[in-house]
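Chains as they are written, first to last, in the numbering used here: chain H, 1 to 112; chain Z, 1 to 118.
Keep in mind that a hint or two might mislead.
FRET-style restraints, in silico, Cβ to Cβ [as the list claims (entries may be wrong)]: (1) S84(H) x G16(Z): 40 to 46 Å; (2) A53(H) x N51(Z): 27 to 33 Å; (3) S52(H) x E1(Z): 45 to 51 Å; (4) I60(Z) x G96(H): 16 to 22 Å; (5) L84(Z) x T109(H): 27 to 33 Å; (6) M15(Z) x I60(H): 27 to 33 Å.
Coverage of chain Z stretches by chain H, computed from C-beta distances (three or more under 8 Å per stretch; other residues unrestricted) [claimed, not checked]: (7) 19-29; (8) 110-116.
The hints are simulated quantities; they were obtained by calculation from the structure and are not laboratory data. Being a predicted model, the structure only gives us computed values, none of them experimental. Just so it is clear, CB atoms sit at the ideal spot from N, CA and C, and this is done for glycine as well.
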Amino acid sequence: AQSVTQLGSHVSVSEGALVLLRCNYSSSVPPYLFWYVQYPNQGLQLLLKYTSAATLVKGINGFEAEFKKSETSFHLTKPSAHMSDAAEYFCAVNFGNEKLTFGTGTRLTIIP
Amino acid sequence: EPEVTQTPSHQVTQMGQEVILRCVPISNHLYFYWYRQILGQKVEFLVSFYNNEISEKSEIFDDQFSVERPDGSNFTLKIRSTKLEDSAMYFCASSEWDLAGSSYNEQFFGPGTRLTVL
C-alpha cells in the first residue's frame with residue numbers, strides 16, 4: 001500500500017541547532033515528494049519538492065531534503081534553527097495520480 | 001504574488017445545515033482541489049476538479065459533498081447536511097497542471113476555512 005509516515009509528532013530543538021524532521025514513504029512507483037510548512041492560522045506553504053531531478057533538494061528558508069531511494073526517505077534538515085522556524089511541517093507524496101497524500105505532521109518548537 | 005483565497009475564514013453552523021465554502025484559485029490555474037484537516041489529524045484529499053468536472057475523489061467525498069465552479073473565478077465546496085464529524089479545516093488548492101501529467105506543477109494552497117459544526 002502507498003503511504004507516508006512522519007516520525008515524531010513533536011520535535012524540539014535549541015535555537016542554532018540542527019533541525020531534522022523525518023519522512024518515509026511506501027510506494028511501488030517513483031513518487032514526487034514535498035515538504036510543506038504551516039504557520040499558525042495560515043495555509044500550507046511549499047518548502048521544497050523532489051521531482052526526479054537532483055536527490056538533494058534545497059528549499060526556502062535554508063531548508064533542504066535528500067531523497068534516498070534505498071531508504072525510502074525524504075528527511076528535512078536545516079543546519080541552524082531559527083525562532084521563526086517554529087511551525088507544523090508536513091511531508092507529502094504524490095504517487096502518480098492527482099492528489100497529494102500527507103503525513104501526520106511534525107510540530108517544530110524552537111527553544112531559545 | 002498570486003495567491004489562493006478562501007472565504008469565510010471561520011464558519012459555524014448547526015448540524016444538518018448546508019454550508020458552502022468558497023475559494024478563488026489563482027487565475028491561470030486549471031486544476032482545483034479540496035483537502036480537509038480534522039483537528040490534530042493529517043491533511044486529507046477530498047476531490048480534484050478539472051474542465052468543469054470531478055477528476056478524482058476520495059472515499060470521504062460522499063453524496064453530501066459537491067463542488068462547483070459557478071463562474072470563471074470561484075470554486076465552491078458544498079456540504080448538504082453537515083454532521084459533527086465534518087468539523088475541520090478545509091483547504092482549497094490550485095495548480096497549472098495535474099500531478100499525473102508530464103511534469104509536476106505545484107499545488108498552491110489557500111489559508112483554509114475552519115468549519116465548526118455544533
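Practice item. Run the structure past the numbered hints and jot down the numbers of the failing ones, going up. Key: Hints 3, 6 and 7 not satisfied by this model.
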